[in-house]
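Please model the complete structure; the sequences and the hints are all you need to start from.
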Amino acid sequence: MININASSTPSQGYSLSRSALTRAPYKIVQPGHTLPAANLDKMIPSALVSIYQRYKQDTDAVASWLASTAKSCGYPADLLASKSWDVAPAKSGRLKGKARKEAREAGTASPSKASKYIVAIKDFLPLARFIAQDRDPAVSVPDSFATTISPLITIRSGFGKLMDDHGSKPVPEADRKHNYFVGILEAVREAIQPRLTTGAEAATDAKATTSSTEEEEEEEEEEEEEEEEEVMAKSTNRFAALSVEEPFEAFIEPFLNAPPERPEPVEDDPVIYEAEPSKSFEDIMFAFTVLINDINRIRFNIEWIWSNHRDGLFDLAASAVATNTAISLARGLIEDVVPLFDSHEGGAWAIVTKFFAYCCLNKDNFNYDLYDIAEGVYLIPFRMLLSFLDVLDPREVPLIKEGVFGQYDPDSDRTTKTGQQKFQEDQIVLTEFFTELMTDEFLRGMRELDKTHTVPFSLVFAAQIFLDIHHIMRSAVRQSFSTVVDQTTMMDNSLNAHLKFHENIKIETWPASNDEMLRELSRSINWMGRDPVYQAKVKVYQKQGMPVPPSMEPHRILIYSPVLSGLYLFHIRTLWYVVSITVANAFGSIAYCAHLYNALQQQNLLVGPWPDMEVVLTLLGQQNFWVSGERPQSAEEYFKKFCLQMGISPAVFMNAAKRRRKPALASRAGPRGIKDGAKVSSMFKGTVAVMDLTTKQIDDIVARSEYKYESSSATGTLTMTQIDDPQELRERTRIRHHKAKANAVGKRTVADRAGLGPEELVRALVLALDSETLEMAFPYLTMHRFAWMLLRAVKKSCDPVLRELFTPQYVEKESELPFVVGYIFMAASGFGDDRPMRSAAEALNSLIVNAGQVSIDVQEYRLQRPIEDDEEDAQDDGESM
1 MININASSTP SQGYSLSRSA LTRAPYKIVQ PGHTLPAANL DKMIPSALVS IYQRYKQDTD
61 AVASWLASTA KSCGYPADLL ASKSWDVAPA KSGRLKGKAR KEAREAGTAS PSKASKYIVA
121 IKDFLPLARF IAQDRDPAVS VPDSFATTIS PLITIRSGFG KLMDDHGSKP VPEADRKHNY
181 FVGILEAVRE AIQPRLTTGA EAATDAKATT SSTEEEEEEE EEEEEEEEEE VMAKSTNRFA
241 ALSVEEPFEA FIEPFLNAPP ERPEPVEDDP VIYEAEPSKS FEDIMFAFTV LINDINRIRF
301 NIEWIWSNHR DGLFDLAASA VATNTAISLA RGLIEDVVPL FDSHEGGAWA IVTKFFAYCC
361 LNKDNFNYDL YDIAEGVYLI PFRMLLSFLD VLDPREVPLI KEGVFGQYDP DSDRTTKTGQ
421 QKFQEDQIVL TEFFTELMTD EFLRGMRELD KTHTVPFSLV FAAQIFLDIH HIMRSAVRQS
481 FSTVVDQTTM MDNSLNAHLK FHENIKIETW PASNDEMLRE LSRSINWMGR DPVYQAKVKV
541 YQKQGMPVPP SMEPHRILIY SPVLSGLYLF HIRTLWYVVS ITVANAFGSI AYCAHLYNAL
601 QQQNLLVGPW PDMEVVLTLL GQQNFWVSGE RPQSAEEYFK KFCLQMGISP AVFMNAAKRR
661 RKPALASRAG PRGIKDGAKV SSMFKGTVAV MDLTTKQIDD IVARSEYKYE SSSATGTLTM
721 TQIDDPQELR ERTRIRHHKA KANAVGKRTV ADRAGLGPEE LVRALVLALD SETLEMAFPY
781 LTMHRFAWML LRAVKKSCDP VLRELFTPQY VEKESELPFV VGYIFMAASG FGDDRPMRSA
841 AEALNSLIVN AGQVSIDVQE YRLQRPIEDD EEDAQDDGES M
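With this note's numbering applied, the sequence shown covers 1 to 881.
Just so you know, the hints here were simulated from the structure itself, not pulled from any lab data.
These numbers come from a predicted model, not from an experiment.
Some hints here could point you the wrong way.
[Stated by the list, open to error] List of simulated lysine-lysine pairs, BS3-like, C-alpha gap at most 27 Å:
#1 K71 x K83
#2 K56 x K83
#3 K500 x K543
#4 K122 x K83
#5 K640 x K796
#6 K71 x K122
#7 K813 x K506
#8 K640 x K675
#9 K279 x K83
#10 K279 x K506
[What the hints assert, rightly or not] Pairwise CB distance ranges, derived in the manner of DEER restraints:
#11 E816 x S513: 20 to 26 Å
#12 P547 x S343: 47 to 53 Å
#13 G629 x T416: 42 to 48 Å
#14 E520 x R803: 41 to 47 Å
#15 V548 x S513: 38 to 44 Å
#16 S513 x T489: 47 to 53 Å
#17 D411 x G312: 26 to 32 Å
#18 Q623 x D411: 35 to 41 Å
#19 D411 x P547: 25 to 31 Å
#20 E816 x G312: 43 to 49 Å
#21 T416 x R530: 45 to 51 Å
Ideal Cβ placement from N, Cα and C applies to all residues, glycine included.
This is the structure in structure tokens:
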């Protein structure tokens with residue numbers, strides 16, 4: 001953390017690089033810890049992408065190439081399972097929700113016109129054989145077809161072997177049903193192999209055999225649906241401990257590490273082909289297993305975030321926004337698989353309970369001794385949310401009797417509790433928060449639960465994350481609420497202080513409507529302080545003629561949910577940041593004083609550094625204060641760059657020395673204000689409450705960061721540094737624009753197959769957001785007030801000499817105070833008179849000695865994070881290596 005040493009002497013000098021303003025290094029434990037006892041971390045593949053999404057995309061790519069190629073070769077429609085090449089018409093003229101977002105990302109100009117054709121699994125092999133036999137002309141099979149289909153066979157056959165290794169020997173019906181699709185893929189590969197290029201042929205599995213025949217296809221078509229229940233009954237143990245103890249790496253790695261290219265359909269074919277979704281019980285279990293792996297990787301990173309927040313390493317707001325984003329990404333993964341769950345009787349709940357039973361080698365619905373396994377497969381929050389359905393009434397706010405399940409003791413040691421005790425603790429926490437769930441991040445899922453009387457699995461995941469955070473934070477959960485109270489109270493006090501300070505200071509660039517904007521922000525803070533949720537519950541009790549329970553404390557929604565506390569803090573902080581920078585630009589106080597401070601520093605007239613200003617210059621960047629980003633070093637440069645920055649022609653001051661009336665001359669470029677920074681945080685302004693962000697959007701947001709991190713496997717730490725090199729920043733921007741352009745035209749990139757996955761994006765996001773915390777939360781309004789008071793002191797100190805040089809009319813009202821700096825520079829550069837500069841140094845030295853780091857003190861109190869200087873950073877670096 002950054003700590004400016006106030007006792008630095010002039011002889012020591014003062015150097016504060018941009019990189020010094022990051023906590024170097026972060027003492028952050030990297031993700032990799034496990035969920036209790038369940039050892040689910042063993043299932044986590046090292047690859048960085050969603051397993052199920054990759055599997056679905058690759059399967060569709062194989063189906064698309066087979067169908068479009070065979071169609072172009074003249075494959076007869078009457079041989080198809082559907083007896084037609086006709087495509088399904090679009091259901092509506094406008095895509096909605098996720099489909100619309102995906103179409104927009106893919107660059108589809110008219111997504112409503114896209115036609116979709118479902119390729120039946122039983123058509124795969126006939127299509128492949130037709131392509132292989134075509135001679136007019138002979139079809140050349142691309143290498144990407146082989147490198148896509150082989151990993152598909154690997155992952156499906158590997159999953160089947162994993163089931164067989166951990167259960168009873170499968171009955172013939174189950175074995176054939178599972179191996180059917182694998183056999184189809186193997187037969188397709190073999191049929192196509194003669195047309196493969198040398199490279200693609202070498203990439204195929206030499207042991208590939210055909211395990212599917214036309215007779216088997218006919219049997220599959222004739223099989224009755226009731227067979228499935230018999231198969232499930234006879235294969236109870238086949239999924240034993242499947243998601244708990246067995247690593248997926250053996251067959252996941254070859255799949256996820258496959259080359260990024262996929263086979264493309266025929267160029268002129270406008271149809272979108274998708275593989276027929278298989279809805280057998282085995283396929284549903286495969287989908288559920290890979291989904292659990294995908295969302296658990298996200299879940300582990302969320303645990304990592306809150307472990308580091310608990311230890312004081314991650315800011316609350318950064319942790320909350322990253323968590324909310326992670327839940328949004330997990331929801332996207334879940335929505336891809338949910339249609340399969342819905343096709344099975346009982347939906348997701350039936351799948352979860354059966355999966356749990358198989359994992360436990362027990363048909364019992366629930367066993368407290370197996371709590372850890374139940375937690376690992378999301379059974380616990382699912383069961384509790386289902387129980388809430390019985391008390392939901394759309395006409396009433398649900399109220400849960402306090403203490404009905406016991407009292408929650410966050411100071412107790414959870415690791416010593418039995419499974420039953422852990423379950424009871426979860427029940428207390430989640431039940432007491434039930435009313436607040438209706439307004440938290442759970443809002444979307446709770447609305448769906450209330451409306452449809454079903455529990456969406458995305459809500460189950462969100463509820464589990466809620467419990468996980470409580471398991472990690474324990475009693476420290478309440479500290480998050482205290483942080484919100486402290487920081488928002490200080491922001492509100494600063495707003496009121498600013499309004500009082502400027503009661504009689506009016507300028508043309510700050511209309512009265514801007515003051516009203518500040519008051520509105522203050523009212524928003526105070527509105528939340530009154531806790532509208534608590535007031536709503538009080539009204540319900542009063543309406544029912546019941547006393548308000550003493551245990552129903554105010555602000556429970558923020559106390560129980562660090563995520564919501566952090567999202568609220570982030571929302572207020574972003575508004576605060578915008579207001580503060582707007583004030584700084586309107587009055588110019590910080591920028592004017594930065595120019596004066598630099599000039600006096602260059603002339604060796606100061607007793608030491610001005611810590612507050614050094615931090616501001618580092619946070620906002622030199623380019624925000626000086627044209628070209630380089631500090632001026634001579635009297636002529638002080639004057640010229642001051643004029644350019646403020647949008648004033650140097651002729652204004654020159655003419656004023658000769659004429660009693662100042663001309664209104666402005667530079668052609670206009671004034672240069674402080675530009676919004678915190679590029680990652682600014683992308684979330686107004687969007688943190690409910691988000692629908694895809695991995696590509698998050699990747700684009702993270703790529704905007706001007707920070708980078710390096711990890712150390714030896715120490716397990718991460719070092720965050722601000723990027724100083726302009727060339728490196730430009731290169732980052734170029735790469736981001738290139739990726740955005742590729743996405744806009746629907747072009748696949750390597751990142752689509754091998755880029756950062758959801759869990760890694762969450763990790764990168766929290767690091768980027770946390771790195772910007774100092775910049776976002778710095779008390780610029782406090783800095784503005786002290787800078788303005790400095791300008792007052794400078795004018796008073798320099799006034800006799802400036803009157804002598806520029807007549808008494810050089811500054812006629814307080815709103816013109818910033819021009820004093822211009823006259824000081826003009827005196828030095830145009831007249832060679834340094835008396836005003838020396839007088840100004842007296843005023844600034846007094847500020848440095850008495851109030852040089854007031855803003856830093858406010859900042860450190862607000863964030864409870866010290867700001868370290870370069871010397872201390874260097875010592876920390878040495879200790880961590």
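Here's how the hints hold up against the structure:
no.: 1; hint: K71 x K83; result: holds, 13 Å
no.: 2; hint: K56 x K83; result: holds, 25 Å
no.: 3; hint: K500 x K543; result: violated, 42 Å
no.: 4; hint: K122 x K83; result: holds, 13 Å
no.: 5; hint: K640 x K796; result: holds, 24 Å
no.: 6; hint: K71 x K122; result: holds, 16 Å
no.: 7; hint: K813 x K506; result: holds, 10 Å
no.: 8; hint: K640 x K675; result: holds, 21 Å
no.: 9; hint: K279 x K83; result: holds, 22 Å
no.: 10; hint: K279 x K506; result: violated, 70 Å
no.: 11; hint: E816 x S513: 20 to 26 Å; result: holds, 23 Å
no.: 12; hint: P547 x S343: 47 to 53 Å; result: holds, 49 Å
no.: 13; hint: G629 x T416: 42 to 48 Å; result: violated, 58 Å
no.: 14; hint: E520 x R803: 41 to 47 Å; result: holds, 42 Å
no.: 15; hint: V548 x S513: 38 to 44 Å; result: holds, 41 Å
no.: 16; hint: S513 x T489: 47 to 53 Å; result: violated, 26 Å
no.: 17; hint: D411 x G312: 26 to 32 Å; result: violated, 19 Å
no.: 18; hint: Q623 x D411: 35 to 41 Å; result: violated, 50 Å
no.: 19; hint: D411 x P547: 25 to 31 Å; result: holds, 29 Å
no.: 20; hint: E816 x G312: 43 to 49 Å; result: holds, 46 Å
no.: 21; hint: T416 x R530: 45 to 51 Å; result: violated, 40 Å
When the structure is compared with the earlier hints, violations turn up for hints 3, 10, 13, 16, 17, 18, 21 and for no others.
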